Amino acid sequence: MTAATAATIEAAPARRPRALHQHVYWLLILPSVVLMAAFYLYPLVKVLWISVTEPSLGLDNYERLFTSASVQRMLTVTLRISLITTGVSMVLAYIVAYVMVHSSERVQRWMIFFVLVPFWISVLVRAFAWVTLLRGEGIVNNLLIGAGFLAEPLALVRNELGVIIGMIHYMVPFAILPLYANMRGIDQRLVAASRGLGATPIQAFLRVFLPLSLPGIVGAGVLVFIFSTGFYVTPAILGGGKVFMIAEYIAVQINETLRWGLGTMLASTLMIFVFVLMAVLGRFVNLKRLFGAG
Amino acid sequence: MTIDRRFGVMPALAWMVLSFLVLPLVVVFPVSLTDTRFLSLPQEGLSLRHWINLFTSEAWLRSIWQSVVIAVSSTAIAVVAGTLCAVGCWRITSKLSEAVRTLMLVPIIIPTIIYALGLYKFYVDLRLLGSYTGVIAAHAVTGVPYVVITVSASLANFDPRLEQAARNLGANLGQTIRMVILPNIMPGILSGAIFAFVHSWDELIVVLFIASRTIFTLPRMMWNGIQENLDPTIAVVAVALILMTLILLSAELALRARRARLGTGTT
Chain V
11 MTAATAATIE AAPARRPRAL HQHVYWLLIL PSVVLMAAFY LYPLVKVLWI
61 SVTEPSLGLD NYERLFTSAS VQRMLTVTLR ISLITTGVSM VLAYIVAYVM
111 VHSSERVQRW MIFFVLVPFW ISVLVRAFAW VTLLRGEGIV NNLLIGAGFL
161 AEPLALVRNE LGVIIGMIHY MVPFAILPLY ANMRGIDQRL VAASRGLGAT
211 PIQAFLRVFL PLSLPGIVGA GVLVFIFSTG FYVTPAILGG GKVFMIAEYI
261 AVQINETLRW GLGTMLASTL MIFVFVLMAV LGRFVNLKRL FGAG
Chain R
203 MTIDRRFGVM PALAWMVLSF LVLPLVVVFP VSLTDTRFLS LPQEGLSLRH
253 WINLFTSEAW LRSIWQSVVI AVSSTAIAVV AGTLCAVGCW RITSKLSEAV
303 RTLMLVPIII PTIIYALGLY KFYVDLRLLG SYTGVIAAHA VTGVPYVVIT
353 VSASLANFDP RLEQAARNLG ANLGQTIRMV ILPNIMPGIL SGAIFAFVHS
403 WDELIVVLFI ASRTIFTLPR MMWNGIQENL DPTIAVVAVA LILMTLILLS
453 AELALRARRA RLGTGTT
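Residue numbers (our numbering), protein chains in the order written: chain V, 11 to 304; chain R, 203 to 469.
Derived from the structure by calculation, the hints contain no laboratory data.
Keep in mind the model is a prediction, meaning the values are calculated, not measured.
All C-beta atoms, glycine included, are put in the ideal place defined by N, C-alpha and C.
Some hints here could point you the wrong way.
[Stated by the list, open to error] Only some residues are given here: those of chain R computed to face chain V with a beta carbon under 7 Å:
1. Met212
2. Leu220
3. Leu225
4. Val229
5. Val270
6. Val271
7. Ala283
8. Asp327
9. Ala339
10. Leu371
11. Arg422
12. Met424
13. Arg458
[What the hints assert, rightly or not] Within a straight-line C-alpha distance of at most 30 Å, the following computed DSS-like cross-link-like pairs (lysine-lysine) qualify:
14. V:Lys252 / R:Lys323
15. R:Lys297 / V:Lys252
16. R:Lys297 / V:Lys56
17. V:Lys298 / V:Lys56
18. R:Lys323 / V:Lys56
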């Protein structure tokens, strides 16, 4: 195809019409779009399709969202864990981002580095580190028992607490980066002006800085919530077969009980949920900028 | 600006949060040097036995090799396709190319489990389950968006008149891309390559679904180890992965600094 592209250009007269010029650039986009359509979008469509055809055509699978007690219990657990994770992560991330924009360049660079290190490290490694720390014979329990604070080990993993700790650890950097980007764009002179006009530091924060950081809060919050609801690795490892969030629940339907109808229905529901949230979010913030692509 | 007293306890809190992010990762370093057969801090003294185990075990070595082959191949595809796409989108400023760039965000947002189900069914039809081709294609496609994002960021700093000048002086599209555009956006391309590589290197969920019994990448070996016996060799792998990530992250930060310099330099 590149050969063909080159040939067209060689053959073209020196002054090419604008239309041809544009036409050539479309060829550059083509490989990615074709790859994406065949190897990404088509599989997603397949999931939607199976969810309404397996075992028979219709919305029977979706009925289980409203009738199956185990599905509803799992959805409640997923929502509860995701909401707690999002809430705590946002508070922690806001503190870090706020301090970052008010620190010297040098301190900021160090803080960014400490955010990026965990951000980049494999989710498996991170979940594994928490297992070594938190399990019954783990480092935290051994230290506490060795120091005489505890007689019995605390149950820190294989329950919702462990899952939430691991998830917050994963999500905080995801929340810090958009918040920090947003806060850097806030004109600090506005805060100074409000102080000059007699506002207390708390009023200046609540009435000036906080509202200006709202787009960052909404963007980061929705992003973290989306990532939380679809999270697989950390809940599976730290939940240890006791806590099932939707992603692991789907995997179990497919791998162990071979219930493709139920599995794809839940996957489709999650997909639609994510698209709706993104569409709503897209009305408030620039999505491409949120991902650094603006 | 430096931190001043107005912020009170806030800086202390911020550093506590950062410690919470980093310290749990530090714990795997001593654990990887444990002298016991189980996952714990060293008891009597430090030992390299689990490090030796990693580099002499045929299963672990094979999985490292498989991960390298898959990550390098899928990165190569993602970099070529993603760079071309970013250049195309940058030159065509229409609604449609905006749509293409938005489309590129989808794989980053959609939970991988959903994709893994569809891909599994798709690969049953194509007979690609358990094949290198299948895993490489999946990692390449999901890696493309990272390249598009980083290259687009580079292009945003690149003066389009340079490209027009080259074309007006008679360079064809291939020459323009090779001799004018590519050298200017190289830091962005390399950043994208690092992201795409790390993406494939760490990817677990797709592999769990489509790799059958033939492909055991490093993440899959770790996953099995964590589920089954919590062997300290996993701590060794974790340390090795952390060190590798630190090297790649430093490279990316250096490239980002360079990209920022290029951006201000050309205009």
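Status of the hints after comparison with the structure:
Because the beta carbon of R:Met212 sits about 5 Å from the nearest beta carbon in chain V, less than 7 Å, this interface hint is met. The beta carbon of R:Leu220 comes within 4 Å of a beta carbon in chain V, closer than 7 Å, and the hint placing it at the interface holds. Given the 7 Å rule on beta carbons, the hint for R:Leu225 is violated: about 9 Å separates it from the nearest Cβ of chain V. Checking R:Val229 against chain V by beta carbon gives a least distance of about 6 Å; that is within 7 Å, so the hint holds.
For R:Val270, the interface hint is violated, since its Cβ never comes within 7 Å of a Cβ in chain V; the closest pair sits about 15 Å apart. With a least beta-carbon distance of about 18 Å to chain V, the hint placing R:Val271 at the interface is violated under the 7 Å criterion. The restraint placing R:Ala283 at the interface with chain V holds, with a minimum CB-CB distance near 5 Å, inside the 7 Å limit. Residue-level restraint check for R:Asp327 is violated (minimum Cβ-Cβ distance to chain V is 9 Å; threshold 7 Å).
A least Cβ separation of about 5 Å between R:Ala339 and chain V falls short of the 7 Å threshold, and the interface hint therefore holds. About 11 Å separates the beta-carbon of R:Leu371 from the nearest beta-carbon of chain V, more than 7 Å, and the hint is not met. Proximity of R:Arg422 to chain V is violated relative to the hint, the smallest CB-CB distance being about 10 Å (cut-off 7 Å). With its C-beta approaching chain V no nearer than about 5 Å, R:Met424 sits inside the 7 Å limit, and its interface hint holds.
Interface hint at R:Arg458: violated, since its Cβ lies 10 Å from the closest Cβ of chain V, which is beyond the 7 Å cut-off. Annotation: proposed proximity of V:Lys252 to R:Lys323 holds, straight-line Cα distance about 28 Å (limit 30 Å). Annotation: proposed proximity of R:Lys297 to V:Lys252 is violated, straight-line Cα distance about 48 Å (limit 30 Å). Of the supplied pair hints, the one linking R:Lys297 and V:Lys56 holds, its CA atoms being roughly 27 Å apart against a limit of 30 Å.
Taking the CA atoms of V:Lys298 and V:Lys56, the gap is near 27 Å; set against the 30 Å cutoff, the hint holds. A hinted pair counts as satisfied when its Cα atoms are at most 30 Å apart, and R:Lys323 with V:Lys56 qualifies at roughly 8 Å.
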